[in-house]
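Colleague: What follows is each chain in one-letter form.
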Amino acid sequence: MRKIILLLLVTILTLPAMLFAQGRVISGNVRDAGGILPGASVIEKGVANNGTVADANGRFTLTLKGTSNVVTATFIGYNKLDVNVSGKSNNIDITLTSSQQGLDEVIVVGYGKTTRITNTGAVSSIAAADVRTVPTANIQNTLQGKLPGFFSQQSSGQPGKDASDFFIRGVSSLNANGNKPLIIVDDIEYTYDQLQQINVNEIETISILKDASTTAIYGVKGANGVLVVTTRRGKAGRPQVNVRVEGGLQSPTRVPKFLNSYESAVLINQATKNDNATATLPFTQADLNAFQNGTDPYGHPDVSWYDAIFNKLTYQANTNIDISGGTDNLKYFISGGALDQNGLLKSFPDPRGQINNNYYFDRYNFRSNLDLKANKTLTLRLDVTTRFSNLNQPNVGSASALSDIYDFRIMTPFTAPFLNPDGSYAYAFSPYNTAHLPTVNARIATSGYSNAKRSDYNVLFNGTQKLDAITDGLSVTGRVAYASSEQYTRGAGTYGNSIPSFHYDPVTQTTTKNPTAPYVLGNQYYIGDINVYQTNVNLQGFANYDRSFGKHHVTGLFLFNQSSQTFYTGVGSDRVGVPVKFQGISMRGTYEYAQKYLIDINVARNGSDRFAAANRFKFLPAISLGYNIANESFFKDIFKNVGLLKIRGSYGLVGSDVAPGNQYIYTQNYLQGGGYVFGSSAQGISTYYEGALANGSVSWEKQRELDLGVDINMLKDNALSITFDYFHNVRYDQLIFPNSIPEVLGVGLPAINLGRTQNNGFDGSVGYHTNIGKVSFGSNFVFSYAKNKVLEKSEALPAYPWLARTGQPIDQPFGYHFVGYYTAADAAAINAYKASHQNSNLGNSVPAPNAASPIQAGDLRYDDLNHDGIIDESDQRPIGMPNLATTSLGLTLQFGYKGFSASVLFQGNFNYSFIITGTGIEPFQSQFQPIHQQAWTPANADNAQFPRLTQIAGTVNSPSSYPSDYWLVNAYYVRLKTIDLGYQLPTKMLPFHINNARIYVSAYNLFTWDNSLKYQQDPEIRSNTAGDAYINQRVINLGVQLGF
Amino acid sequence: MMKRMKNNITKILVLIVICAAGYGCKKSEQFPVDKISIFYVFNPKDSAGTTAQAYLNNVYNTVKNGHNRVGSDYLDAASDDAVSRSLSTAPVTLLSTAGYTSASTIDNVWEDSPNYWSGIRAANEFINNIGVVPVKGFVLNGVSNPTSGVPNNEVWKSEARVLRAWFYFEMVRRYGGVPLLGDNVYSLNDNVAIPRSSFADCIKYIVSECDAVKDKLLAFPLSTADQNSSNYRITKGAAMTLKARALLYAASPLFNGGNIDANNPLTGYTDFNADRWLQAANAAQDVINLGTYQLNPDYKDIFLTQNNIERIWIRPVGINNTIEGNNGPIGASVSGNANTSPTQELVNSFPMLTGVNINSAGSGYSTSDPYGTTVATAKRDPRLTFNILYNGAQWLNTTIQTYEGGANKPNVNAIQTVTGYYMRKFMGLQETATSSYNTHSADWVIFRYAEILLSFAEARNEVESAPQADVYTQLYAIRKRAGITAGAANNYGIPAGLTKDQMRAVIQNEWRIEFPFEEHRFFDIRRWKIAKTVMNATHTGVSIVKTGSTLTYNPINVLTTTFADKQYLYPVPYNEVAKNPSMKQNPGW
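Chains A and B are the protein sequences, given in the same order. Heads up, the first sequence is in the numbering used here, so the first residue is 1 and it goes up one at a time. Heads up, the second sequence is in the numbering used here, so the first residue is 1 and it goes up one at a time.
The hints are simulated quantities; they were obtained by calculation from the structure and are not laboratory data. Backbone N, C-alpha and C fix where the C-beta goes; we use that ideal spot for every residue, glycine too. Check the hints yourself; a few may be wrong.
Some, not all, of what chain A presents toward chain B, calculated at C-beta under 8 Å [as the list claims (entries may be wrong)]:
no., residue
1, T115
2, I585
3, M587
4, Y591
5, T667
6, Y670
7, G673
8, T687
9, L693
10, N695
11, D717
12, A799
13, G843
14, N844
15, S961
Lysine-lysine pairs mimicking DSBU-like chemistry, simulated, CA-CA at most 30 Å apart [claimed, not checked]:
no., chain 1, residue 1, chain 2, residue 2
16, B, K529, A, K702
17, A, K346, A, K161
18, B, K529, A, K834
19, B, K566, A, K834
20, A, K551, A, K453
21, A, K581, B, K35
22, B, K64, B, K300
23, A, K113, A, K88
24, B, K300, A, K834
With the hints as extra help, turn the sequences into a complete structure.
Modeller: Shown next, in the form of structure tokens:
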């Protein structure tokens, strides 16, 4: 109806002009990459007031009156586009590209919306449509490099477990769990793992709230920043159906290369010789020859276990269908999605062929968002969403099947043949594999699987009553949300070492059974357990006020929010049974004058039952101010091409209520022990003892946040947009365990509000959009930098200044400083000194560890910081940087030409460190890798890339015993993170009722440039001891999207 | 219009009710109901005092079990009596070779959980709170009228006070004076940066606590029925023995006249006072006068049989055979982990069966049969066999072979004796066991009567200008029980007319051979201030070469230990000094 009125109005107003116009009628469609855009405006260039609005099918019809032959299409949230229509009359396809930085772009913030021009806080947001085609299962994997201030790290590529950890503006808390951002989906709090279950197709927008003024409404949960997600809702119009079907190929971003039998044997001989020059070498020349020429595949096997176990490629598929539409009274959005990711494992079926033991992940998402206008003033809303997932993995290995292949003590290339000549399973038959386990393929095939089935349910019921009758612009809303998640893991295994496995001796041509194994495969058993059971009931009531008086615009919000969460996580008795309760009221008031002077005041008073009654509630205020200089007339006169120049600042207090360990720190508990025996019964009797002291004054972590920002849009059509934010946060009263109280106290200590850190940095983006002829071009550069520092850690005064953790970043690694390799002369000097000093190196000018195996030439020499001759914990100092990058950059480039579109994202992380220890790198724990061939030998002393190989564990050459900057990689990476190439078919080619069809190729993690090749692992991994995380995946994906 | 308004107001009311309903729900489960508070432990309605007694049991639990306590060795492996089989990597070796600093301490009873400070706190909390528990019952201690008995909660409280004194004593003999906390149970906001009390005050406190409560404790022995449930508890005898031991240490040279930092009251007395020896002798005499205890006729049995007459106080451990598993020889039908290797010096300190020192002329000692396993005249003090497994000893129904390449020293594995000897003490009667170790009581004996006799002898010897008859009497008693023959002179190998110094040497050696591995030697060589001599030395073992049926015994050097004056006391852990500005470090650290 409104459109008809508008059309009439336009027609009437332009009637006089029509008399002189050419009068040609054109028609076409307005769309974006995702489909049609009902409501987009199409205006003839050069003719005032000659325009139209695309209908529910995205179609427009316009009668041209001027002579420019150009029409301009505009839509909020999209870049303006001029289209030359000369020589065309119908089926003109206008494809708009989404704009991040338009002046009127709507930005979703907590319990409301704002626009780029009136926003005074630090917010970044994107439309989910921009990342919908990224072939990954989790929304958080798509945001890095897209949102300023967003840091993430994807440490596993396993299907179903590949969601990135993410942080907003880095980390500020010394609490391990105290840095997780609050996640809000449609104003309801979600957990980390609930978020990763959401289908990207259901999402409309994603915002991150970064400063006090935007997060204060969340009070004590806001200190880590807030990720705000809104889901798609129906718009009035005829039913619009979208179908998207895509399939992709996954492959590891980096495949570790392991040395073959011959190369490994050579290094084992080398290490043996290193440890004892006169020792008999484990491998004779004949052995080496046999490995090299492969003439004895059973006596001298050479198996590349990685290649034998893993495929190079595997398949994933994603299908989504959604339908939306409605009338003014009832609007709906209904969607369903199915995701299916396979794992890289080759097929090793169990002997009976009954078990699927591969990695895989299936997920089914359903959502129904309904809006009902019950009467003129009451709107009801019912959102129902469910997610079912199914995660499967084999029962072998601790972390992944890869961990067994990495572990030299379990498998080596010469351990056993893949199968014996008679087809039976072989077992590890090498002195290096003392457990003599059956081969990896045998164990995968017979050890069963583990399958986690998870269901998530969310219901949100909402009623909004307009109260214009009381005063214009007032409404109240009541909302109930219920969420539950449960996960049940069941699986099948095989009892003990019950896999029949045999050793084949090619000399005697006999097959001998593994002495500890049975002749037939043991029966399998089932096991099942609930891992996750959690519910969350959330109740919200709020009053909204929004009204303009001339140039004055006032809004107000009064919010009551209460939630109760029940957890069952399967671990930690303190997290069973007692619901976590939260309650709060928040208020927000904004005032703006002529979009020029902006004030935003937030106040929250929140309570959590984790604190004693007196400390339960906390008052958290924040204020922000903005000044739109560009809206001043004197400014407009001078700078005509500047559409927006706004300076803004915010300051406030937010909190975090995450407490380590016992969630009721304020209660003093007495615990029951046992184990004291007396008398002749040998029975333990019960004892009671005092648990860690209560901290009656335990309270929130608090954070003072300062943010100063500027928003600029300039050049023609405001094509260049710049946002820049500087922030300075101080997190204080952090709950940490004090190290400064003497042991004389005699009892365990609680967490105390003692820790203090600061975190400052900057982030922002520079976007530019233009049309070069018929090619549209857009770019957006996003940068984030956050550096933290521990100001107070309750540390006892360290014995040496370099041992101080205070003043360093959170999670700063400490270790030894490498100063070169020991020479033979050094080793001799140490041995002589120790012989005359009771086996102690104390006072020697050639420092060495005290009680370990003797130092030899080629061992790593570390800096003796306290000059006492002994390398020990006192010589550790900060090395490298924490594992979480301080710097993250992203560059998005977009091109469009007619129906073709391309979008690429280059993303890089800088300034972080990681280290691999144990089975990931240490000789005789890790499989031999190419780097081991560059180990120190007398001949290779100058070019050594690795210390002397040794069979002895825990020597100075071991990164797990002596972490050092020799092993730490100060890493960076740049990767071609995502790419999307598509072609949208012209409307005239579309049959039936199809109004949109797009074919596209997209990719994820396509190429990587980095400096961490030493460990042959993906640069996004965490520091780890095993080197066995499921490798991150590269995905190349092909998809079709249809709308009708 | 009015009607619509009313309608709207109804809706608002509904919304408010929904909110309020939620608000009202919060009153349940405001804290975790599964947690126990102090009111449950010290329950004013519990006339049996069950939970309160369980709390006292926790205080008892802080008492350390010395078996393989330091690393996996006995503390005595850090003295000249033994070494660790693991040699350079063992904590005890760091302790005996000065391989520790205030920042990396060994035997850290100050900080390592559960430490003595936690025991002291728990005792204080018990002492302060037990009064509210209306425990019924009395300990009659022989009197028949209940009103003359001691109420049970008073007995428990007294036990806690003695335990607390024991914890202080354990720290004082390691660190010198430590902070005395009184009955204070500090809370989080209290200043616990408490300075150390002087050594003299600490000893005074320990002694006065023992004196104050000794008559409010169980008087051992109880009726037979009570023994099993009460033999681990602090008794009157235990309190008096603790007092005797504290006074003996206080009278010893390290603290009495030989203070390593002469004018430092924290490290010992700043003067010498011979009267301290008298007090020690009297305290021991008091225990003897009780008449409660006797030497157990069988030396081995002291450690294996519960409720034997010699035990004064034990730390119960239960019934098992883990001592054998940890310290037994390898190569036997059941292999042990060979943890503690006794030194040749300890072996040599055992006299002959006649009580005569092996180096004395005519002792009968045979270098080709050093343990007297074949030659009758070469027989040794039976305590050698009770304490040490040597080549030719009986074990698990076979004969120990610790010659090179022998079954129990095969030289193919790092896990074997490094001195040629294995520890035998504390183990069950496994000599004739075959397929597996027998289980037995593995209680850690803290106080036994022999200590009282030797303490008395040592103190008395120091009091008088020359050894009196009562000194000899106690030594005879100990040697007689050990199985040493009285000899024609009826003197168990101790010649009459010894000078005070000669007698001191005899007594010190008797401590060594009567109490090996019982956490005496490590502290004795310190309190006598002889550690600087005996620990700046190379400790030896034996390498036995078997040629045909002939065995040749060659001494071998095993470990050279070092000892500086500062090691007479442990360093206060570095962190404690860093956290507490008024905490004074011991000299030299």
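Colleague: When the hints from earlier in the document are held up against this structure, which numbers fail?
Modeller: 1, 2, 3, 4, 11, 13, 14, 15, 16, 20, 23, 24
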